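Q: Listed below, chain by chain, are the residues.
Protein chains: 2
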Amino acid sequence: MTDEQYMRQALQEAQQAYDTGEVPVGAIVVMQNRIIGRGHNQVELLTDSTAHAEIIALTAAFNYLGAKYLPEATLYVTVEPCLMCAGALHWSKISRIVWGTDDEKNGHRKHTGSHNPFHPKTTLTSGILGNECAALMKDFFKARR
Amino acid sequence: MTDEQYMRQALQEAQQAYDTGEVPVGAIVVMQNRIIGRGHNQVELLTDSTAHAEIIALTAAFNYLGAKYLPEATLYVTVEPCLMCAGALHWSKISRIVWGTDDEKNGHRKHTGSHNPFHPKTTLTSGILGNECAALMKDFFKARR
Chain A
15 MTDEQYMRQA
25 LQEAQQAYDT
35 GEVPVGAIVV
45 MQNRIIGRGH
55 NQVELLTDST
65 AHAEIIALTA
75 AFNYLGAKYL
85 PEATLYVTVE
95 PCLMCAGALH
105 WSKISRIVWG
115 TDDEKNGHRK
125 HTGSHNPFHP
135 KTTLTSGILG
145 NECAALMKDF
155 FKARR
Chain B
15 MTDEQYMRQA
25 LQEAQQAYDT
35 GEVPVGAIVV
45 MQNRIIGRGH
55 NQVELLTDST
65 AHAEIIALTA
75 AFNYLGAKYL
85 PEATLYVTVE
95 PCLMCAGALH
105 WSKISRIVWG
115 TDDEKNGHRK
125 HTGSHNPFHP
135 KTTLTSGILG
145 NECAALMKDF
155 FKARR
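Sequences listed follow chains A and B, in order. Note that the working numbering has the first sequence beginning at 15, numbered continuously upward. Note that the working numbering has the second sequence beginning at 15, numbered continuously upward.
You may find that some hints are simply not true.
No copy is singled out in the list; a pair is fine if it fits within one copy or between any two copies.
Taking lysine-lysine pairs in the BS3-like style, the calculated list, with each CA pair at most 25 Å apart, reads [said to hold, decoys possible]:
| no. | residue 1 | residue 2 |
| --- | --- | --- |
| 1 | Lys135 | Lys152 |
| 2 | Lys107 | Lys124 |
| 3 | Lys156 | Lys82 |
| 4 | Lys82 | Lys119 |
| 5 | Lys124 | Lys135 |
| 6 | Lys135 | Lys156 |
| 7 | Lys152 | Lys124 |
| 8 | Lys152 | Lys82 |
It is worth saying that the hints were derived from the structure and are not from the lab. All of these numbers come straight from a predicted model, not from anything done at the bench.
Bound conformation, chain A alone (with noise of 0.2 Å):
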């Protein structure tokens, strides 16, 4: 499958997401060709300002793995991953990191300026189906507004 096709998967995350009233941000954790963890933003549902959609992908999997790296898998995400995010990903060790629309307001590049930091063999991708990304997100705070 493609990157477009993973991020079509991501996106449907996060369109579940919009339908109950949370931010809409997806994930997917892909390794072998196969989904292998999936997520949304849970934050309302949780009452957890913690539980976004990467972390929520990254622990099923750890969980599905039974390993605590996944130096093998790529994570795709609708927007770019938060300061948290780009935490935890540094931490799972992940192979490659693939988001959809920039963050300018909560993106972790506002925190880390020039500084990378992620683990030095991560690989970074974006701008996949950007527009469609960024368009969910534009549409959910327009309906808050």
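Guided by the hints, dock chain B onto chain A, whose structure is given.
A: Same frame as chain A, now just chain B:
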């Protein structure tokens, strides 16, 4: 209770981690002189490289209160929070963070430099029982070499 007394509670958590072969970091969350969350590293037990003391203590506090923010709480942790935990503490809007010993290798300041990643209202204190917190870490890693 004083900062030292609360940090001793966090050290008890760290000792539990030590005794089960986990990197000895412990944390507690305090609100109105009550401990509302406790945690210690469970990376090995949960095979999850993100199962840090602070995350577990925060989740416990969110669950206890049924609230997604902790604006009246203080987190005590034996070691300087990493980038992930700093991000989680940012989202929690916690009032105050107290840590024991600095962590030059994995502390959040390695990644954020002079930029403060926490909520603007969050106050920071460090060095409470710092020597004891550091000694537990040193013993742990010495025994593993």
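Q: Taking each numbered hint in turn, which are not upheld by the structure, reported in ascending numerical order?
A: The structure breaks hints 1, 6; every other hint is satisfied.
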